[in-house]
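**Q** Build the full structure now, drawing on both the sequences and the hints.
Here's the letter readout for the chains.
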Amino acid sequence: MKSYTIKKDKVSDFISHLIKKNIVWGPVKQDDTIIYKQINTPQEITLDFLKVKIPPKTIVFPQTETLVRFHKEKDVTTETPSPEKKDAIIFGVRPCDAKSFLLFDAVFKGDCEDPFYCSKRATTILIGLTCINPPMNCFCSSVGGNPDDPSGLDILLTDMTDSYYMEIITERGEHLLKDFIGRTEATQQDTKKRDTICTQAKKSIKRQVSVERIDSILDAIFDSPYWETIAQRCIGCGICTFLCPTCHCFDIQDESSQNKGARVRIWDSCMFSEYSCHASGYNPRATQMNRVRNRIYHKFNYLLKNNQVLGCVGCGRCIDECPVHIDIVEIIKNARGVKQ
Amino acid sequence: MTERFEPSILAFLCNWCSYAGADLAGTSRMQYPTNVKIIRVMCSGRVNPSFVLNAMQSGIDGVIIGGCHPGECHYNQGNYLTRRRITLLKLLLEYVGIDPRRVQMTWVSASEGGKFAEVMKKVTEEIRKLGPIQQIKRSNEW
Amino acid sequence: MVEISQIQAEARKIFDTYDVQYILGYSNESFGIQPVPFFAKKKPDVNHLIFSPFCVNNLTMYLKNYEGNEKIGIVVKGCDSRSLIQLIIEKRIPRENLVIIGISCGGVIDQKKFQTKFPDVIGSVDVVEKDDLFIFTIAGKKHQVSKKEVLLEKCIHCEYPTPLLYDVLLGEKKQPFKSESYSDVKQIEAKSLQEKWNFWEKQFSRCIRCYACRNICPVCFCKECSAEQLNPQWLRRSVTISENTVWHLTRALHVAGRCTGCGECERVCPMSIPLMLLNKKMLKEVKDLFEYTPGISVDAKPLLAAYKPDDPEDCII
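Same order as they appear, the protein sequences are chains V, A and W.
Numbering-wise, the first sequence is residues 13 to 352 according to the numbering used here.
Numbering-wise, the second sequence is residues 13 to 154 according to the numbering used here.
Numbering-wise, the third sequence is residues -14 to 302 according to the numbering used here.
These aren't lab readings, by the way, just hints derived from the structure by calculation.
Treat the numbers as computed from the prediction; the structure is a model and nothing was measured.
Please note: incorrect hints may appear among the correct ones.
As the list claims (entries may be wrong) - Heads up, simulated DSSO-like pairs for lysine-lysine below, C-alpha to C-alpha not over 30 angstroms straight-line:
| hint | chain 1 | residue 1 | chain 2 | residue 2 |
| --- | --- | --- | --- | --- |
| 1 | V | Lys214 | W | Lys26 |
| 2 | V | Lys14 | V | Lys190 |
| 3 | V | Lys33 | V | Lys63 |
| 4 | W | Lys102 | V | Lys49 |
| 5 | W | Lys26 | V | Lys345 |
Claimed, not checked - Here are a few chain W residues that sit away from chain V, every Cβ distance over 10 angstroms (derived from the structure):
| hint | residue |
| --- | --- |
| 6 | Val153 |
| 7 | Asn200 |
| 8 | Ile201 |
| 9 | Val224 |
| 10 | Leu262 |
| 11 | Asp273 |
Ideal placement from N, C-alpha and C gives every residue a C-beta, glycine not left out.
**A** Right, here's the structure in full:
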C-alpha cells in the first residue's frame, strides 16, 4: 500500500477532515494524565506523549457497557442499545496497543462472537503513532512487537521532526485520505529516513526478555514455591489488569430502579479476591499467590495454548503503575531459572 | 403553573425516643409534611454514613437522623457516637460540594411530639429551598 | 543517614534473638531505581535488606491481616510507625508480636518527580543526604538536588520524622521538616459550594475503581469491603460519577480518625486523584473538633468508638 508524508502543520487539517464524518478519539491531557477522549477539534489532542494511561481497549470494550435495557409497564420490554452508525477513529495508537486489538479479536470473535465488541470493533479505525522514543519499561520487541509494528493498524504515522511519515496499511486507512489533499507521496529519501528512525527506536528499547518456549517452561514450574515469592507483596488491586491493553475479564450485573433497569457489563480483575468466589463462599483461588500465578499463566501459557496468541504486548504499564513494583519482565526472566 | 418542588426526605428515627416522639405527634394529630418517610432503627448509632449516601443516590433530597437527648440513650452512648459520625459526614459533604444542610440530626425525646413536628416542617422547607439533589443522584439511564 | 550495614546488622540480631516468622523490609530489584517491599524469611535473606530515601512503601499494610501468634519484624519510618500504632490501637496485632526497627527519616523521594528530573535511569541510584540536599550519583556523575524538588509532598510537611514506636532506632532523632498547616485543604475550603463540586467532580470522574487506594491503606482491612458487598449492594460496580463519588466519600469516612496521613493512597492512584486532600480534611477536622490525632499513642481509644459529653453539637437542630 502507498506511503505519504504530511507536514506537521497540516496534521490538524487532517484531524479536522476526519472529524467531519467520523467520531474521533485522541490522546487528551487532563492535568498530568493522558487519556483517550472523544474530540471535536484538533486542538484538544496532544501528540507529545509517551503512553496513554488507559489503553484504547476502553473504546471497543468500555469499562461500563449496557448490554440490555429493561422496562416494566404492564409487561417487560427489553431493548439492546443500537450500534453506533458512524465510524470511530482512534488517533495516536501505539503499536503495542494496536496489537492488543488482535488479541481481543481472537477472544471475542472466536467460536462465539461477542456482538457488543464486534459491532464496535467493526466500526473502529486505528491510526497509529510509532514509538520513536520507547519509555523505560517497554519491551514490545521481546513479545513479537516493534515500535513500528503495523499489526492491527490502518494507518501508521512516524514522527520525522517536521513532518509525519504516513504509511497506509489497510484499505480502510486509504479510504480515510479520500478528499484530503494535505499530503505528498513519500519519496525514497523519506522512506530511508523513516527506516533509520524506526531502527534507532528499536535499538533504544531498554528491556529484553525471551519468551521462547515460555509455555512449556511455565508448565514445568506450576507448583514451584517461586510463585509465593513473586506474589507475597501483591496487594490485590486492579491496576495491572485495568491498565493492561490485553486484559479483558468482565462481570455482568443487573442494575435497576423501580420499574426499569439494565444488564451492565463492567471490567473485573482476577486480582480481586472475590473474582473467583463461588456463591457457596468457596474460593478456588483463595490466596494472592493463586491469583498472581493465574495472571502470569493466562498471559504466557493459557492464551498461547487456547488462542495461539501471547497475552502480553510489552507496553510496560503494569510495571510503571504497580504500587509495590512487581515487574513482569523480571518474573518471566527469572522463571526460566526456576528449578523444575 | 409550575408545580411546587416536593422534596423527598428520609428520617432515621431511634426506636426509644425519636420514633416514639413521632408516634406521639401522630396520635396528638399534630401535622407534619408527608414528604418525610420514616425508617425506624433501634438506635441512632445504627445509622451508617453509607445509609445517607445511598439514600442520596436513590434521589432522596434530605436525610434526618433522630436520636435521644445526650445522656438519655437507651444503649448509653449510641447517640454520642452518632453525633461524632454525622459531624464528620456533614463536614465531608460540604468539602466535596454537596450542601451539608441535606443531612440533619436532631434530638427528640419520646414526649416531644410537638418538637418532632416542628423539626420535620423546618427541615422540609429548608430542603425545598435547596432543591432536588443532583450531585450523587443516580441517573438510572443506561 | 542510615547505612545498609546498620540495617542488616540489626536484622541479623533480630533473627538471633527472636523467633520471627519474617522481617519486612526493603530490597533492590534488578531493574529500576525503586526499592521493593521484601520479606526476609531466614537469616541469609538479610543480605538483601537496604534502606534509602527511595524506600517509599508503607510496610505496615502487610500486617493488617495478621493472624496467629508469630513474631514479625518490620522496618518503619516515622509515618509508618503511626500506622503501626493505629493497628495496635485497633487490636490488629499485639505489640508483643512485633520487633520494630525504626528509621529516623529525612524524607522519601517521589518516583514521578525523580523521573521527570532524571528520565530513563536504570539500576539503583546512590543517594546521600546532606542537610536539605540530596546528592545523587547517576552513571558516575554526581547531581545535587534540593530535597524539596524531589520529596513526596507528604514529607515536606512531615511532623513525625522519627518513629514513635520502635525496639531499635537507626539514625539520629530528627526535627520535623515543617509543620502541617493544611494550606491545601484550606484552599479547597475557601471555594464556594459549586466550585468545590466542580473540582471534585473532575477528580472523581477519573477514578477507574481499581481499589488500589483501599488495598494499599494500612487501615482498610475489612474482610468484606462495603464496596464488594452484594447483599445489600451499596455501590454498583458501574464506573459513574455517582458511584465513584460515593466510593471516595465512603472510604474517607470509614478511615476518618484512623488515617494517619501516610499518603500511600495518593501515591498509588494511577489516575493521580488527590486523595490526601480528602484524608487531610478529616485529619484537620478530627484535630480541631475532637483534639484527636490518630496513630500517636497505643493507649488511645479509636476516635469513633469514643465520645466526650461536650463534643461539638453545631450540627444538631
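**Q** Far enough from chain V: is every CB of that chain over 10 angstroms from the CB of W/Val153?
**A** 24 angstroms, holds
**Q** For the pair we were handed, V/Lys33 and V/Lys63, check the Cα-Cα distance against 30 angstroms.
**A** 27 angstroms, holds
**Q** Does W/Val224 sit more than 10 angstroms from chain V, CB to CB?
**A** The claim breaks: W/Val224 does not keep its Cβ more than 10 angstroms from every Cβ of chain V (closest is about 5 angstroms).
**Q** For the pair supplied as a hint, V/Lys214 and W/Lys26, is the alpha-carbon distance within the 30 angstroms limit?
**A** 40 angstroms, violated
**Q** Compute the least Cβ-Cβ separation between W/Asp273 and chain V, then decide whether it is above 10 angstroms.
**A** 30 angstroms, holds
**Q** Do the alpha carbons of W/Lys26 and V/Lys345 lie within 30 angstroms of each other, as the hint requires?
**A** Holds. W/Lys26 to V/Lys345 sits at ~23 angstroms (cutoff 30 angstroms).
**Q** Are the Cα positions of W/Lys102 and V/Lys49 separated by 30 angstroms at most?
**A** Given that 30 angstroms is the threshold and the Cα spacing comes to 28 angstroms, the pair holds.
**Q** Measure nothing beyond the straight line between the CA atoms of V/Lys14 and V/Lys190; if it is 30 angstroms or shorter, mark the hint as holding.
**A** 13 angstroms, holds
**Q** Over 10 angstroms from every CB of chain V: does W/Ile201 meet that, or does the non-interface label fail?
**A** 5 angstroms, violated
**Q** For W/Leu262, which was marked as not at the interface, is the minimum beta-carbon distance to chain V over 10 angstroms?
**A** 13 angstroms, holds
**Q** Taking the minimum C-beta separation from W/Asn200 to chain V, is that value above 10 angstroms?
**A** The claim is violated: W/Asn200 sits with its nearest Cβ about 4 angstroms from chain V, within 10 angstroms.
Hints 1, 7, 8, 9 from the list above are not met by this structure, while the remaining hints are.
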